[in-house]
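There are 4 protein chains.
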Amino acid sequence: MVLSLVFREETWCFTQGEGQGIQPRDIVCRIMAANHEGSRRVQRRAASASHGRAWMTRHHERRKPLMHAQQIIATHPQVKGNTNDALIRCIEQCYDCGQACIACADACLGEDMVAQLAQCIRSDLDCADACFATGAVASRRTGSNEAVIRAMLTACETACRACAEECERHAGHHEHCRICAEACRACERACGEALRSMQPG
Amino acid sequence: MVLSLVFREETWCFTQGEGQGIQPRDIVCRIMAANHEGSRRVQRRAASASHGRAWMTRHHERRKPLMHAQQIIATHPQVKGNTNDALIRCIEQCYDCGQACIACADACLGEDMVAQLAQCIRSDLDCADACFATGAVASRRTGSNEAVIRAMLTACETACRACAEECERHAGHHEHCRICAEACRACERACGEALRSMQPG
Amino acid sequence: MVLSLVFREETWCFTQGEGQGIQPRDIVCRIMAANHEGSRRVQRRAASASHGRAWMTRHHERRKPLMHAQQIIATHPQVKGNTNDALIRCIEQCYDCGQACIACADACLGEDMVAQLAQCIRSDLDCADACFATGAVASRRTGSNEAVIRAMLTACETACRACAEECERHAGHHEHCRICAEACRACERACGEALRSMQPG
Amino acid sequence: MVLSLVFREETWCFTQGEGQGIQPRDIVCRIMAANHEGSRRVQRRAASASHGRAWMTRHHERRKPLMHAQQIIATHPQVKGNTNDALIRCIEQCYDCGQACIACADACLGEDMVAQLAQCIRSDLDCADACFATGAVASRRTGSNEAVIRAMLTACETACRACAEECERHAGHHEHCRICAEACRACERACGEALRSMQPG
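Chains as they are written, first to last, in our numbering: chain A, 1 to 201; chain B, 1001 to 1201; chain C, 2001 to 2201; chain D, 3001 to 3201.
Worth flagging that the hints you see were computed from the coordinates, not collected in a lab. Source: prediction; values computed, not measured. Treat the hints loosely; a few may be bogus.
Stated by the list, open to error - What follows is a list of derived Cβ distance ranges for each label pair:
no. : chain 1 : residue 1 : chain 2 : residue 2 : range
1   : B       : N1082     : D       : D3085     : 45 to 53 angstroms
2   : C       : E2146     : A       : E193      : 35 to 43 angstroms
3   : B       : R1196     : A       : H173      : 34 to 42 angstroms
4   : B       : M1198     : A       : M113      : 25 to 33 angstroms
5   : C       : E2165     : B       : G1143     : 19 to 27 angstroms
Claimed, not checked - Rough simulated footprint, nothing fancy, chain C against chain A, three-plus residues with beta-carbon under 8 angstroms:
no. : region
6   : 113-126
7   : 132-140
Unchecked claim - Just so you have them, the derived chain B footprint on chain A, three or more residues with Cβ under 8 angstroms:
no. : region
8   : 83-97
9   : 164-174
All C-beta atoms in this analysis are idealised placements derived from N, C-alpha and C, irrespective of residue type, glycine included.
Can you make the complete structure from the sequences, with help from the hints?
Structure, rendered in structure tokens:
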């Protein structure tokens, strides 16, 4: 039996051994360790602290900053808590993807083989522009502007697809391109889901 | 003894009762419930499922989208994993705050008392512009441009402070202003920490 | 014989009468008039000042956003002077329209009747976001990204049309809305012409 | 007696000689020449065409970004025609410079020697971000936000200076860098003048 928990932007995986329960002190000591120490020492400490009952390993390290998109939009006088979650996920993906594209363009620019990455940098910059504009338009709920939201989501989906395809060509050589392609694909999907979530208007 | 865990973008609070351990099946059944059901029913289910040993309540609901900022910048050929974490937190806060300001400006615009929120909307829009530009400049690592980063961080800190002060005036009446002020203060702090983290140049 | 001159962003049309030359003092007195007075009084002054030799009328008032866009893009290694003028006019219109929308949204926000202008402000802000992103994407010539340019031009044309329609509703009451609608219509046309100027690809 | 005229974005200076009038055919032939030929040949042609009566020289070549900025801001309910012209020139320079930087970054990216232009591309992109944010903040007149405008103008002036210095290094080899440096210097000056035009607050 495995239990995944997210703590301090890390996902931790508890695996029960010997059919016994996890004692709070075990979980707490490990979480304190995760909090105050580096991951290697944590895993050693966690291992030593687990009395044959359970152990904990860091599954992955993705940092998760908090975006306030959902919280604020839920308080909009014309929304009253009834948010379109697909559109809100899309807003978050737009800002994540836009930042990833700016950072990937800059990392490509720093590579020795930059000449071979010119198309990638250009696609990154176009995608970032489309993402930020779409994130802003999709963040507004006053009155209505559905034709514009749809057109922007369509343009953003197109830009994300083009950028993902280009970055995937370089993913084997450049980790920043691999991660950026991942962010672009996530944003491309989120734009498509947001489009499908909107009533035709 | 209380244990806080984040799962599926929700923070859950385990409180041990009767000095006994939390059994994995209790945690799992509650997390499955959190995963598949609405929070009210979860809390009922959690209560009924806790055999006098532990109970679980949802602490708050902040969604945590993943930003790839740290991952990508860590792979920059001139960074090689040696990231300035204060600057990366600042990038993430800039995009969060910028989006929060766009959404708060739009929510203010939808309020009946919009005329009394004109200064707030204007501060929101200025702050959003400063945040996105600063997030972009702070995302680049090729070559150097420290004087520009510092000037942008200073401008962003100023815009966040001004917007937070204005939003705080309306925080009692408008939840979107309260949340936006929170995002602005977090970004103001992050800009200050990023400035202090940079060697004078 | 007609001579057209641009002065202070206005095009002036000199028509020679009676086969005689235009004396510098005539031109100067009229241009001084154009400079220091409103156009109606200028035309009266110009008429009275023209001793049957030549007269000057304001041909049209369209301001001309003339940026470095054409000059720089013409020097792009892959363009080599062979610019797509429709696309360059579109870039200039995008930045002019984007700025006009930001300024109109802010002027609306300053009006006593702001509550009746909420939809106008929202359309202005969406249009500005679409315009700046489109201006940036349309400014790039390295490699290719035609599907993205086309999708952005389409989204921008949609946003400009929506904003123009909304601003035109208020053009009678608010001069900033009248001027903004003019800028939006010009940008809408420029996006359409840029789209038609691109080979399908 | 000197008469300055703007034609096709160039300022032309007519100087009357021998106390005689300028004949329309002289002006027209020169303007046709200005229209269809390069400036050197124009001046030769203009000289040869002036029968000792008047000659025409190109005064300067600076293109003039003339947007709707002034027109709209002059109609703001809190401005009532009393515009700060230094701030309006700055807005226009910000958008012109921002677009020039995007186009120069893209032209640099298309050069064979792109690896030697990495710092230039990075400075261009940072400058564009600072310019657009500053142009937006400087376009607003509702309520007040002077500390933010000043901080943004200062950051923009810094970014323009840094970009101009870098582009000037490449101005001999790349015309787009020469033109971009010109736009950056104009915007740097405009930001400085706008700062001086604001009352300390």
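Okay, the hints, checked on the actual structure:
The hinted range of 45 to 53 angstroms is satisfied by N1082/B and D3085/D, whose Cβ atoms lie roughly 48 angstroms apart. Judged by the Cβ atoms, the range 35 to 43 angstroms given for E2146/C and E193/A is violated: they are separated by roughly 26 angstroms. Evaluation of the 34 to 42 angstroms hint for R1196/B and H173/A yields a pass: the beta carbon distance comes to about 36 angstroms. In this structure the hint that M1198/B and M113/A lie 25 to 33 angstroms apart at CB holds, the actual value being about 29 angstroms.
For the pair E2165/C and G1143/B, the beta carbons lie near 46 angstroms from each other, so the given range of 19 to 27 angstroms is not met. Requiring three or more residues with a Cβ within less than 8 angstroms of a Cβ of chain C, the coverage given for the region 113-126 of chain A holds, as 7 such residues are present. Proximity of the region 132-140 of chain A to chain C, defined as three or more residues with a beta carbon under 8 angstroms from a beta carbon of that chain, is established by the 5 residues found. Against chain B, the region 83-97 of chain A contributes 7 residues with a C-beta closer than 8 angstroms to a partner C-beta. That satisfies the three-residue criterion, and the hint holds.
Counting residues of the region 164-174 of chain A whose CB lies closer than 8 angstroms to any CB of chain B gives 1, which falls below the minimum of 3, so the coverage claim is violated.
Hints 2, 5, 9 from the earlier list are contradicted by this structure; the remaining hints agree with it.
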